[in-house]
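Chains C and F, in that order, give the protein sequences.
Quick note, this note's numbering runs 173 ahead of the 1-based positions in the first sequence.
Quick note, this note's numbering runs 87 ahead of the 1-based positions in the second sequence.
These are computed hints drawn from the structure, not numbers from a lab.
Hints are supplied without guarantee of correctness; some may be wrong.
[Said to hold, decoys possible] One side of the interface only, derived from the structure: several residues of chain F facing chain C at Cβ under 8 Å:
1) 128
2) 272
3) 279
4) 284
5) 290
6) 291
7) 297
8) 299
9) 300
10) 308
11) 364
[Said to hold, decoys possible] Okay, the calculated bits of chain C under chain F, using three or more residues with CB under 8 Å as the criterion:
12) 258 to 265
13) 273 to 287
14) 292 to 306
[Stated by the list, open to error] Partial pick of chain F residues on the chain C-facing surface, computed with a CB cut under 10 Å:
15) 99
16) 102
17) 207
18) 208
19) 209
20) 283
Don't be surprised by glycine CBs; every beta carbon is placed ideally from N, CA and C.
Now for the letters of each chain:
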Amino acid sequence: MTFFRAENLAINFGGIRAVDGVSFTLQKGEVFTIIGPNGAGKTTIFNLVSRIYDPTAGRLIFEDRDITATPPHRIAELGIARTFQNIELFEHATLLQNLLLARHVHRRSSFFSELLFLPSVRRMEVEHREAVEKVIDFLDLQQYRDTFVVNLPYGARKIAELARALCTNPKLLLLDEPSSGLNVEETDEMAFWIEDIKNLLGISVLMVEHDMKLVAAVSDRVLVLNYGRPLATGTPLEVQSRPEVIRAYFGG
Amino acid sequence: MRFPFKTSYEQDIRLFRDGTMAVWYAVLAFIVLGLPSLLSRYYIGEITWVFIYGICGVSLMVLVGYTGLVSLGHAAFLGIGAYAHAYLLRHGFPWVASVAIAVLITTACGLIVGLPALRMTGIYLAIATLAFAVIIQEVFTRWESVTGGFAGMAVDKPTIFGVRFNDEASFYYLCAALLALTILLTKNLLRSPTGRAWVAIRDSEIAAQSMGVHLALYKSVAFAYSAALMGLAGALFAHKIAYLAPDIFSILFSIQMLLLVIVGGLGSLQGAVFGAIFVALLPPIIAILRDSIPANMVSIASATGIGLIGTAGRGIGEFLKKPGVEAGIFGLILVLVILVEPSGMYGRWTKIKLFFSTFPMYKRDSFKRQKTYMRSERMR
Numbered sequence: 174m175t176f177f178r179a180e181n182l183a184i185n186f187g188g189i190r191a192v193d194g195v196s197f198t199l200q201k202g203e204v205f206t207i208i209g210p211n212g213a214g215k216t217t218i219f220n221l222v223s224r225i226y227d228p229t230a231g232r233l234i235f236e237d238r239d240i241t242a243t244p245p246h247r248i249a250e251l252g253i254a255r256t257f258q259n260i261e262l263f264e265h266a267t268l269l270q271n272l273l274l275a276r277h278v279h280r281r282s283s284f285f286s287e288l289l290f291l292p293s294v295r296r297m298e299v300e301h302r303e304a305v306e307k308v309i310d311f312l313d314l315q316q317y318r319d320t321f322v323v324n325l326p327y328g329a330r331k332i333a334e335l336a337r338a339l340c341t342n343p344k345l346l347l348l349d350e351p352s353s354g355l356n357v358e359e360t361d362e363m364a365f366w367i368e369d370i371k372n373l374l375g376i377s378v379l380m381v382e383h384d385m386k387l388v389a390a391v392s393d394r395v396l397v398l399n400y401g402r403p404l405a406t407g408t409p410l411e412v413q414s415r416p417e418v419i420r421a422y423f424g425g
Numbered sequence: 088m089r090f091p092f093k094t095s096y097e098q099d100i101r102l103f104r105d106g107t108m109a110v111w112y113a114v115l116a117f118i119v120l121g122l123p124s125l126l127s128r129y130y131i132g133e134i135t136w137v138f139i140y141g142i143c144g145v146s147l148m149v150l151v152g153y154t155g156l157v158s159l160g161h162a163a164f165l166g167i168g169a170y171a172h173a174y175l176l177r178h179g180f181p182w183v184a185s186v187a188i189a190v191l192i193t194t195a196c197g198l199i200v201g202l203p204a205l206r207m208t209g210i211y212l213a214i215a216t217l218a219f220a221v222i223i224q225e226v227f228t229r230w231e232s233v234t235g236g237f238a239g240m241a242v243d244k245p246t247i248f249g250v251r252f253n254d255e256a257s258f259y260y261l262c263a264a265l266l267a268l269t270i271l272l273t274k275n276l277l278r279s280p281t282g283r284a285w286v287a288i289r290d291s292e293i294a295a296q297s298m299g300v301h302l303a304l305y306k307s308v309a310f311a312y313s314a315a316l317m318g319l320a321g322a323l324f325a326h327k328i329a330y331l332a333p334d335i336f337s338i339l340f341s342i343q344m345l346l347l348v349i350v351g352g353l354g355s356l357q358g359a360v361f362g363a364i365f366v367a368l369l370p371p372i373i374a375i376l377r378d379s380i381p382a383n384m385v386s387i388a389s390a391t392g393i394g395l396i397g398t399a400g401r402g403i404g405e406f407l408k409k410p411g412v413e414a415g416i417f418g419l420i421l422v423l424v425i426l427v428e429p430s431g432m433y434g435r436w437t438k439i440k441l442f443f444s445t446f447p448m449y450k451r452d453s454f455k456r457q458k459t460y461m462r463s464e465r466m467r
């Protein structure tokens with residue numbers, strides 16, 4: 174069984190081929206990182222996987238199911254959750270409400286039962302809250318629970334996004350630059366959390382990251398991308414010593 | 088300052104945060120119930136407008152304040168509700184059935200308007216709904232067999248299950264009860280997944296979608312629900328105004344409703360009620376001032392012997408009588424609210440509450456927004 178596979182992904186924006194013939198496979202319980210210079214197409218691949226963009230060519234397979242044509246709002250239901258590079262939290266809502274929204278895929282109440290707030294809805298709400306509280310405990314967000322997201326410090330927002338993705342109970346977590354904007358200690362903390370997500374929660378992680386220390390610390394395998402084309406795949410150590418990778422990063 | 092001690096998750100789901108809050112709302116209910124025996128018929132009639140506008144306010148608050156979709160066409164929904172209700176009553180439908188069908192018709196219209204709205208945001212949506220309102224107003228004028236056209240359509244006082252609501256006080260209670268019901272139902276939606284999905288769409292469509300929110304579905308639901316409430320308000324509006332004519336449901340009314348939610352405070356149900364108080368009571372207040380300012384200033388002038396005060400008073404009275412002054416004052420207040428207090432009357436209210444609960448430790452900066460970080464590169 175394939176856990177996740179991208180086959181010959183390609184997308185054109187006008188005349189620009191942003192991603193061209195990218196294929197990779199993700200094993201269950203693996204941290205797979207996509208690295209590459211700026212503009213290499215890393216985030217584009219993320220947007221392809223979360224179905225915000227339609228690929229020009231190629232296929233996406235998740236748990237033996239073709240998700241190339243699945244609408245974007247169904248992706249979370251299948252068990253793929255993501256974070257955003259530039260933080261897309263719901264700013265004028267509390268952290269708790271943000272996390273509860275992530276339970277949306279597990280909604281089982283109808284509009285009319287919610288209108289009357291029947292006991293079943295009340296029960297569901299408590300269940301959602303229990304699930305959310307587990308994530309709050311896991312990521313140590315207790316102090317921010319009732320804070321509006323606009324008032325959260327940047328580091329906390331980064332973790333809040335991670336928490337929101339975890340609240341959907343994903344099988345595959347897409348992290349778009351989890352360390353961007355974080356200081357050294359916060360980045361170290363992020364590394365521990367990614368390890369915990371993999372080892373304790375058993376969630377596979379697909380990550381885009383620039384911080385090589387973080388990449389080396391948590392990744393099982395790395396895919397190097399340049400100008401939308403795959404350059405090399407392997408463990409972080411293997412990849413770093415490849416001449417074509419060094420050329421892409423440092424020129425020459 | 089009080090910090091509610093939380094011991095169960097139920098506490099965050101409840102309607103009232105704690106006992107104190109419940110007591111305050113009980114006091115408010117008591118005042119609303121007691122007012123008709125204290126005030127004259129004229130004032131009861133004016134406060135009834137607050138309740139009807141309150142339902143309109145909640146309707147628009149769901150759409151603008153919670154889902155982030157702007158509508159300039161809500162007068163049309165109000166009109167559809169009002170005409171449908173009046174037409175059905177005239178054809179012998181019982182009151183409850185007539186209101187129910189009128190609400191269903193507006194809901195259907197809301198869905199029809201909502202469908203193209205799925206592809207539009209911001210100013211384009213506002214223009215589309217505006218166009219819809221203009222078309223509907225034209226329909227009210229031309230479809231004479233149903234609406235009576237410019238000749239208008241008289242609406243009788245309501246009779247529900249044989250009980251006639253023919254005086255101001257009984258209709259006041261009917262409107263108050265329906266506003267309370269509207270607020271309760273809307274609050275229920277807002278504390279369950281549907282309401283959270285609306286807020287998510289307002290704050291970040293792309294994140295909402297990635298968390299599994301079906302954007303098209305929830306936007307349509309918001310439109311339909313908002314239209315349904317407007318239909319209900321329309322039915323009450325028809326009774327209140329007693330005579331329907333197409334020019335009531337003009338763009339000006341839609342703008343007034345938008346003003347209501349902005350002045351009241353976007354993103355809060357309390358704001359809808361505050362806004363309704365403002366919109367419903369400002370015209371009578373202007374009317375009262377129009378007569379009392381010149382009279383008072385003239386009497387001051389004759390007491391002090393300074394003739395200038397009397398002249399100024401008469402001038403103000405003349406000015407307030409001019410046509411368009413009322414709309415001008417509305418506009419001026421809207422501009423001032425946006426400049427001085429963007430969170431509206433409800434925002435000011437929370438600040439006043441915090442001032443007293445933290446006295447003397449209140450800091451103005453408690454409400455200062457922190458810097459908002461990188462919001463660029465949003466994939467719309």
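Each hint tested on the structure:
Taking 8 Å as the C-beta cut-off, the interface hint given for residue 128/F is violated, the closest approach to chain C being about 35 Å. Annotation: residue 272/F was flagged as interfacial toward chain C, and the flag holds, the nearest CB pair being 5 Å apart, inside 8 Å. Interface hint at residue 279/F: satisfied, since its Cβ lies 4 Å from the closest Cβ of chain C, which is below the 8 Å cut-off. Interface restraint check: residue 284/F against chain C, minimum CB-CB distance 6 Å, threshold 8 Å, status holds.
Residue-level restraint check for residue 290/F holds (minimum Cβ-Cβ distance to chain C is 4 Å; threshold 8 Å). Hint on residue 291/F holds. Least Cβ distance to chain C is approximately 4 Å, under the 8 Å limit. Because the beta carbon of residue 297/F sits about 5 Å from the nearest beta carbon in chain C, less than 8 Å, this interface hint is met. The interface hint given for residue 299/F holds, since its Cβ lies 4 Å from the closest Cβ of chain C, which is under the 8 Å cut-off.
Because the beta carbon of residue 300/F sits about 6 Å from the nearest beta carbon in chain C, less than 8 Å, this interface hint is met. The criterion of a C-beta within 8 Å of any C-beta in chain C is met by residue 308/F, whose closest approach is roughly 7 Å, and the hint holds. Taken as an interface hint, residue 364/F does not check out: its beta carbon lies about 24 Å from the nearest beta carbon of chain C, beyond 8 Å. Counting residues of the segment 258 to 265 of chain C whose CB lies closer than 8 Å to any CB of chain F gives 8, which reaches the minimum of 3, so the coverage claim holds.
Residues of the segment 273 to 287 of chain C with a Cβ under 8 Å from some Cβ of chain F number 10, which satisfies the need for three, so the listed coverage holds. As drawn, the segment 292 to 306 of chain C meets chain F at 7 residues by the rule of a beta-carbon pair under 8 Å; at three or more, the given contact holds. For the restraint placing residue 99/F at the interface with chain C, the shortest Cβ-Cβ distance is roughly 7 Å, inside the 10 Å limit, so the hint holds. The criterion of a C-beta within 10 Å of any C-beta in chain C is met by residue 102/F, whose closest approach is roughly 9 Å, and the hint holds.
With a cut of 10 Å, the hint placing residue 207/F at the interface with chain C is violated, because the nearest CB-to-CB distance is about 19 Å. The restraint placing residue 208/F at the interface with chain C is violated, with a minimum CB-CB distance near 16 Å, outside the 10 Å limit. For residue 209/F, the interface hint is violated, the least distance from its beta-carbon to any beta-carbon of chain C being 17 Å, above 10 Å. This hint holds: residue 283/F has a C-beta 5 Å from the nearest C-beta of chain C, less than the 10 Å allowed.
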